[in-house]
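Novice: Here is how the chains run, residue by residue.
2 protein chains.
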Amino acid sequence: MTQENIPVEELLELVNAKQLRKIKTILSEMNEVDVASFIEQLDSEKMMVVFRLLPKDLASDVFACLPIEKQKEIIDSTADAELTTIIEDLFVDDMVDMLEELPATVVKRILKSATPSTRKLINQFLNYPENSAGSVMTAEYVALKKNMTVEQAFAYIRKNGVDKETIYTCYVTTAQRKLEGVITLKDLLMSPYETVIEDIMDTHVIHAMTTDDQEEISKTFNKYDLLALPVVDHENRLVGIITVDDAVDVMEQEATEDFEIMAAMLPSEKPYMKTSVFTLAKNRILWLLFLMISSMITGNILGHYEEAMAKVSILVTFVPMLTGTGGNAGSQASTMIIRGMTLGDITPKDIFRVLWKELRVGIICGVILSAVNFIRLAIMYPGQELICLTVVISLFATIIMAKSVGAILPIIAKCLHLDPAIMAAPLISTIVDACSLIIYFNVATVLLNAYL
Amino acid sequence: MTQENIPVEELLELVNAKQLRKIKTILSEMNEVDVASFIEQLDSEKMMVVFRLLPKDLASDVFACLPIEKQKEIIDSTADAELTTIIEDLFVDDMVDMLEELPATVVKRILKSATPSTRKLINQFLNYPENSAGSVMTAEYVALKKNMTVEQAFAYIRKNGVDKETIYTCYVTTAQRKLEGVITLKDLLMSPYETVIEDIMDTHVIHAMTTDDQEEISKTFNKYDLLALPVVDHENRLVGIITVDDAVDVMEQEATEDFEIMAAMLPSEKPYMKTSVFTLAKNRILWLLFLMISSMITGNILGHYEEAMAKVSILVTFVPMLTGTGGNAGSQASTMIIRGMTLGDITPKDIFRVLWKELRVGIICGVILSAVNFIRLAIMYPGQELICLTVVISLFATIIMAKSVGAILPIIAKCLHLDPAIMAAPLISTIVDACSLIIYFNVATVLLNAYL
Chain C
168 MTQENIPVEE LLELVNAKQL RKIKTILSEM NEVDVASFIE QLDSEKMMVV
218 FRLLPKDLAS DVFACLPIEK QKEIIDSTAD AELTTIIEDL FVDDMVDMLE
268 ELPATVVKRI LKSATPSTRK LINQFLNYPE NSAGSVMTAE YVALKKNMTV
318 EQAFAYIRKN GVDKETIYTC YVTTAQRKLE GVITLKDLLM SPYETVIEDI
368 MDTHVIHAMT TDDQEEISKT FNKYDLLALP VVDHENRLVG IITVDDAVDV
418 MEQEATEDFE IMAAMLPSEK PYMKTSVFTL AKNRILWLLF LMISSMITGN
468 ILGHYEEAMA KVSILVTFVP MLTGTGGNAG SQASTMIIRG MTLGDITPKD
518 IFRVLWKELR VGIICGVILS AVNFIRLAIM YPGQELICLT VVISLFATII
568 MAKSVGAILP IIAKCLHLDP AIMAAPLIST IVDACSLIIY FNVATVLLNA
618 YL
Chain G
168 MTQENIPVEE LLELVNAKQL RKIKTILSEM NEVDVASFIE QLDSEKMMVV
218 FRLLPKDLAS DVFACLPIEK QKEIIDSTAD AELTTIIEDL FVDDMVDMLE
268 ELPATVVKRI LKSATPSTRK LINQFLNYPE NSAGSVMTAE YVALKKNMTV
318 EQAFAYIRKN GVDKETIYTC YVTTAQRKLE GVITLKDLLM SPYETVIEDI
368 MDTHVIHAMT TDDQEEISKT FNKYDLLALP VVDHENRLVG IITVDDAVDV
418 MEQEATEDFE IMAAMLPSEK PYMKTSVFTL AKNRILWLLF LMISSMITGN
468 ILGHYEEAMA KVSILVTFVP MLTGTGGNAG SQASTMIIRG MTLGDITPKD
518 IFRVLWKELR VGIICGVILS AVNFIRLAIM YPGQELICLT VVISLFATII
568 MAKSVGAILP IIAKCLHLDP AIMAAPLIST IVDACSLIIY FNVATVLLNA
618 YL
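So the protein sequences, as listed, match chains C and G. Quick note on numbering: the first sequence equals residues 168 to 619 in my numbering. Quick note on numbering: the second sequence equals residues 168 to 619 in my numbering.
Incorrect hints may have been included.
It does not matter which identical chain is meant; a pair holds if it fits inside one copy or across any two.
Simulated pairs of lysine-lysine, DSS-like, Cα-Cα distance not exceeding 30 Å [unchecked claim]:
#: 1; residue 1: LYS287; residue 2: LYS313
#: 2; residue 1: LYS213; residue 2: LYS516
#: 3; residue 1: LYS386; residue 2: LYS331
#: 4; residue 1: LYS313; residue 2: LYS191
#: 5; residue 1: LYS239; residue 2: LYS386
#: 6; residue 1: LYS516; residue 2: LYS390
#: 7; residue 1: LYS390; residue 2: LYS223
#: 8; residue 1: LYS441; residue 2: LYS386
#: 9; residue 1: LYS345; residue 2: LYS191
#: 10; residue 1: LYS313; residue 2: LYS345
#: 11; residue 1: LYS386; residue 2: LYS353
#: 12; residue 1: LYS326; residue 2: LYS279
#: 13; residue 1: LYS185; residue 2: LYS237
#: 14; residue 1: LYS516; residue 2: LYS237
#: 15; residue 1: LYS287; residue 2: LYS331
#: 16; residue 1: LYS313; residue 2: LYS331
#: 17; residue 1: LYS390; residue 2: LYS239
#: 18; residue 1: LYS437; residue 2: LYS275
#: 19; residue 1: LYS331; residue 2: LYS353
#: 20; residue 1: LYS326; residue 2: LYS312
#: 21; residue 1: LYS437; residue 2: LYS581
If you're looking for bench data, these hints aren't it; they were derived computationally from the structure. This one's a predicted model, so the numbers in the text were calculated from it and none came from an experiment.
All chains should be built: construct the whole structure from the sequences, respecting the hints.
Specialist: Put into structure tokens, the structure is as follows:
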């Protein structure tokens, strides 16, 4: 839809025909993301030929967009001098992402090719804990001084802004690099040239600490509609910034993680198609095992009522309907609560309001579903009023129970500093299954006393 | 974490003590998002007192951040002249969001208070279909002409940029408002003053059409790391822009919708705590009913084998383990595939690669889970080799079947132009439940022939 169509076919023909000059002209006009996705499709040899054609600036932008295997291939077939150019042009955050994935020998070679100051920076950034603000931020920001005039600030930005990740939000720091204020390029542009930065900067700077969790960071971006967020160390010194595009990546990554955890998997690091079969199996087997063993308990409960089922054998045919509906009702509730907590709409102190809400939702759903069942059973099993009543009462109680369990468990998980996402469909269903069978057979025992 | 703590307690005391000047000073320094979340907590009367204290610029920013009920209260107790000021200061996208929620009488009053040009714009924007690019975009962008010099462009931006939603990406249009090029403020700033825009603008503009789906829009933002995306009509005339903060909102909203659909609910429009019990119940009941009726089929299958279960009563105790594990294995697969399709990593043409992958994952998981079960059964039921074998074979076959079903159904849904998210845990579990019982009792019939 949005972008102009990329002439992949035409480009491939040109590559095969070695029409290098034409390729160069076309690629130079294209967006780096599109160039990268074209290059990715070529075999190693052709990829290197095409990559070398790219103008220097585009080359490092394209390099940053390539997947790690392709980056490694390029590094392996690039001479040290050229490698230095690529490395020095990369933003620190992209560099760190890459280094974390590459084998140690390649990392060594890269660090050797980097200038001493870049090397120092990389080493510092590699030390921040995974998923912290420090691991997402980059070092290329514009730092102004508060006694500069707007005119001086513009001169500074024109001179130093080219290789900054953003120039639209500028930070004001002291000589000791402590964060004092923030000013947008828009504010600068809207102010007279002689204005002093101190008079127009905003001193209430929304900022993060290097150790803050990346999930919190993306929430802050969302709440305040930021383009960039400054990151300070424990002495309030500005050490980096996070730009909105990286915050968006974090958001998507966290959502993907939640989807995976909520489907009883360990979160994966790579896209599905690039994850090996073994890794996929490894991420899934633990929860499958745990849930399988838990469901054996449900089996034992069923076994416990073997006699009742043998006597009133029709009872067993309602088991899938009861446990299934209970599981679904419960995971509807838990999904809403988990997502609400992720988005910050629900906090643990809302527990009673949530429970009260789910109880009422449960009553409405329970009444409707029980009524439908009552009609069906009355038609299908005429004269079996007690069995009909057993099923209907059990269904109603199961739905209320399921909604309550689904509402409360994610909040309890949060209070215990566990990820609420584990309290999603699979675990809730397993718990609700067991509870609904206990309800069912107890109701049956009371009502069908004469038969059992 | 990131922002300075908001002195809510102190502010509330000041409001009660009617220390209006002090309140004004504190609020004027605060971020509009924080002011809005403070104001929200006050009762109507106090809210109006505090809202009127706000400087004009801040007032309309705060207004845009308030929830719809509070906006309505403010509109109701504001005189026409004042209302015009607020309206004219709002961005069209925020205005449209608000108008779509307000009762007709209030909408009429707002349109009456707006200037004719604003009124025309609002009416145009209200006509774009829901969830289209047109419904998310705003009209406040910077449009330059290609024969301007950089210096003229800066003069233009300084004069007209204040009330634009962004000035960091500027668009170059013809006299007929056709989109010709794009240029960032950074490019302008890095170029000499006498440069003509035409020479430095990018003519390959990534753009959207008014009718494009908002989900595609947010994918484009993500792919190209954009700050703004221009939206054109069918004659390539620039009609609006979408900024990254709105694209991020769309992203979160689409993820929330997917979570809800995947847990068998109709997507909700509002946050959980603000949704009424009836709406929650209404969103859930349809799927609960449908799944309940489907699970009756599973019950009938179970009923079909009543006799077998009566003879070898231990068989029934393995049912929850088989159906549960099958459901979990299947929804693991379907969740990965659904999410992969949402992110664009998996397309329908990958169907065979996906299936082959899931088959192998299924074999690995199946072998491990069956082995664990074999050991457990051998210990718990010594001498019952055939029953043990029945369970183990059924479990293995169920897992393979579940992974395949979970892999294929979301892709088929996509091909049928249905939302793949409906093929998540609830529906997959219901389908897998029925299939696993058929597998189980067929294996049992063959192996336990003598007993049955």
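Novice: Decide, hint by hint, whether the structure agrees.
Specialist: Okay, the hints, checked on the actual structure:
1. LYS287 x LYS313: Cα proximity of LYS287 and LYS313: one copy only (28 Å, versus 44 Å across).
2. LYS213 x LYS516: Intra 60 Å, inter 25 Å, cutoff 30 Å: inter-copy only.
3. LYS386 x LYS331: both (24 Å within a copy, 25 Å between copies)
4. LYS313 x LYS191: between (45 Å within a copy, 26 Å between copies)
5. LYS239 x LYS386: So LYS239 and LYS386 pass the 30 Å test across copies only (27 Å; inside, 33 Å).
6. LYS516 x LYS390: within (21 Å within a copy, 38 Å between copies)
7. LYS390 x LYS223: between (38 Å within a copy, 22 Å between copies)
8. LYS441 x LYS386: both (28 Å within a copy, 20 Å between copies)
9. LYS345 x LYS191: between (45 Å within a copy, 29 Å between copies)
10. LYS313 x LYS345: within (12 Å within a copy, 42 Å between copies)
11. LYS386 x LYS353: both (24 Å within a copy, 27 Å between copies)
12. LYS326 x LYS279: within (28 Å within a copy, 50 Å between copies)
13. LYS185 x LYS237: For LYS185 and LYS237, the Cα distance is within 30 Å only inside one copy (21 Å; across copies 65 Å).
14. LYS516 x LYS237: between (49 Å within a copy, 23 Å between copies)
15. LYS287 x LYS331: Within one copy, since 18 Å is at most 30 Å while 41 Å is not.
16. LYS313 x LYS331: Result: close both inside a copy and across copies, 20 Å intra and 27 Å inter.
17. LYS390 x LYS239: Classified as between: cross-chain Cα gap 22 Å, same-chain 38 Å, threshold 30 Å.
18. LYS437 x LYS275: Only inside one copy: LYS437 and LYS275 sit 24 Å apart there, 51 Å across copies, limit 30 Å.
19. LYS331 x LYS353: The answer is both: 17 Å in one copy and 10 Å across copies each meet 30 Å.
20. LYS326 x LYS312: This pair counts as both: shortest intra-copy Cα distance 15 Å, inter-copy 26 Å.
21. LYS437 x LYS581: both (27 Å within a copy, 23 Å between copies)
Checked against the numbered hints given earlier, the structure satisfies every one of them.
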